[in-house]
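Novice: The lines below spell out each chain.
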Amino acid sequence: MGPVRESFIFEFLYCHLSLEASCSSVRVLNIAFIPENLSWISFILTAFFWIFVFINAALVGVLALIWGERRLIGKFQARLGPNRWGPLGLFTPVADAIKVMFKEDIEPTLSDKLIYVLAPILMVVPVFMIFPVIPYGAKTFLTNISVGVVFVLAITSINSLSVLMAGWASGNRFAIIGGIRAVAMLLSYEIPMGISAAGVVIVAGSLSLSEVVNNQVIPNAIFQPLGFITFLVASTAELNRSPFDITEAESELVAGYMTDYSSMKFGLFYLGEFMATIASSAIIVTFYFSGWRGPTFIPSEIWFLAKWIGVIAIFIWFRATFPRLRIDQIMSLAWKGLFELSLINILVLALMIAIWPDPSGMQLLLMTLINWVVFFLSIYIFGKILSPNLTGNKIKKRSVIYGLD
Amino acid sequence: MSTELVTMNIGPIHPSTHGVFRMRVTFDGETIIDAEPIIGYLHRGSEKLAEERTYTQVVTLTDRMDYTASMTNNQAYILSVEKLSGITPSERGVWLRMIAAELQRIAAHSVAIGFLINDLGAWHTPLLYLLREREKILELFEMMCGARITNSYLRPGGVFMDAPDEFWPSLNKFLDEMPNRLDDIENLLTDNEIILARTQNVATLKKDDAINASVTGPMLRASGVDWDLRHRNPYDYYEKISFRRPLGTVGDNNDRYLVRLHEIRESLKIVEQCLDLIEPGPVKPEEVPFLVRPPEGESYVPIEAPKGELGFYLVSDGGIAPFRCHVRAPSLINLTLLRDMVIGYKIADLFVTFGSIDVNMGEVDR
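If you're matching them up, the sequences are chains A and B in order. Position 123 (the first sequence) corresponds to 123 in the numbering used here; numbering is contiguous. Convert by adding 405 to the 1-based position in the second sequence; the result is the number in the numbering used here.
Read the hints as simulated data drawn from the structure, not as lab findings. Incorrect hints may appear among the rest.
Under 8 Å between C-beta atoms, here's a sample of chain B residues computed to sit facing chain A [unchecked claim]:
| no. | residue |
| --- | --- |
| 1 | 417 |
| 2 | 533 |
| 3 | 602 |
| 4 | 603 |
Think of the CB as a built atom: it goes at the ideal place given N, C-alpha and C, for glycine as much as any other residue.
Please construct the entire structure, taking both the sequences and the accompanying hints into account.
Specialist: Listed below in structure tokens is the structure:
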């Protein structure tokens, strides 16, 4: 029954169902009734309960994010945002969800029916699998798998397949361009993302997400800023969010790969994207903001939640501010910028860990200092020397001249 | 690698065709091979309708041509009518319509810049900041004539009513605030690395090409040609006003953006000078009859509308309605260059270029 039994919240419920001997220490109330030889029943019941809780929490989280994003962007754009349905417009996403469900479900004649139906499902389902492995608090996690870092990176990259399927199956040219752009972009940004995450693994000395958090004395965002920036940019691209939203580029491709989707299929894409934002933010908090760690006068779950909302707000801020990059500039940024930066990051970290395998407090501070020096140097060099190559043309600030009388 | 060309139909219903513009575009991967503009989806026959209406009634038709710049449309038409029928406008009326026209230029350029940045993919934020400023201008228009978009403010001989007393403090407040707002916009956009990378050296329009295609307005000035009808061929009282004409150095999308932004600042200065020079008096001469009956003849007075040279060619047979009315629409003529400008660039550049030309389909199709 593996790593799930390490989880406190799982074990707690399980022991209140099963009469297993090893459970007696965890049990608070004596209400267990399933005999030990039928423990698989209690296991399944507990598992289904937590699956139910996590899926519904994720869905409520999406509703909250949709509301929060629209409110916050409203503030950014000097307008009110949704404020009609319920207090502060809180019910707006609920109304949206109901509306989406009752829309007409259209299947284009030219579509490849099976793939057309599968694509939105593939967008949503994998994202649910990220939530159980994230450690939300000192004791609050559902499972602690030993390869957590690899697992979340693998799962988050499945959605590029879904985007390609949707683009291909729609039989629409806007959609196919969006799908092909998605594959080119998402595959490119997997690489800097993975290499940056390797920096986190080097520091933690483990692939387990719990260990990543436990070993983060200094939050990685401060300890390895270069890795943080590359990971943040790469995950923005992975999420198809502005300024990398070329796959659904409203002003170019109408809605990109989901142009032909309507009703609940469109709703699933929408759901998947917002849920991926939530999941990615949780991963960033775990990797770079020391997860649930914080001064102990506040419960660790609250720390996690606060950091989580903060990272989501950064994504929303990006969306309200940046114009979109062009496809060739996006690819250049991945291969000529982020790839090298993440390599520099992992090289410097590996060297320092080789020199100080078990750093003391002072050594950690020194390593942080070195990392910041490397950060500024490499950003400066890439900004000054390589920037013309990054964007494809030499850019310089310009002003107008005035006509002579 | 062998690739296959893809022909795509973009528009007339599309988020960034600024109305009902249609293009048949051929792509090789992401690169544009051919782009054929198809127009006519908003044709309402304004020119023919003008033949059925009296000279004053036609003003309402001109509102609906370039609906982001109704005041300048009115101005172009009224100047032509005045020349045709030999009416000398009253001084205050002229100053009022110059103020209205320059405010309209600010509003129209705000819309142009806002939607250009929107086409670049900035999710509505700069657009809404600029529309907020435009809203203040629309409120000023509402004070002047009771309408916000389709103003019909001008009449042969001047304007139909004087601006109320509360208009002037509001206008002064707007003139005080607007430069700061423009600084904000510039801080947000002008040096933005992504915008520079996206717009510089894209869809460059050479001086000679621009002149040969009879492109006018900010698009021509962005290519470095110092041609502004307010300066070259002053109408109304523009010769009493001093203003600078911002010119581009390269002629790409970035220059077209910069020229518009700086023209807003110049327009603010023009309005301030108009405020110094305007004097109390009638807004329209008493002797102008309700039904204007120009003698037989023809007239054409070009003006510098926000989008370029706008002029109404009117032919009179001595009746109460124009015998023939033809509009020289800057949007239509500037749009003819789209195909030559975008070939060889990427899909994303097509929409940015289209936005930087700043066309209004109401004016293209009329």
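Novice: Each of the hints needs a verdict: does it hold here or not?
Specialist: For each hint, the structure was consulted:
1. 417: violated (13 Å)
2. 533: holds (4 Å)
3. 602: Check passed: Cβ of residue 602 of chain B comes within 4 Å of chain A, closer than 8 Å.
4. 603: Check passed: Cβ of residue 603 of chain B comes within 6 Å of chain A, closer than 8 Å.
When the structure is compared with the earlier hints, a violation turns up for hint 1 alone.
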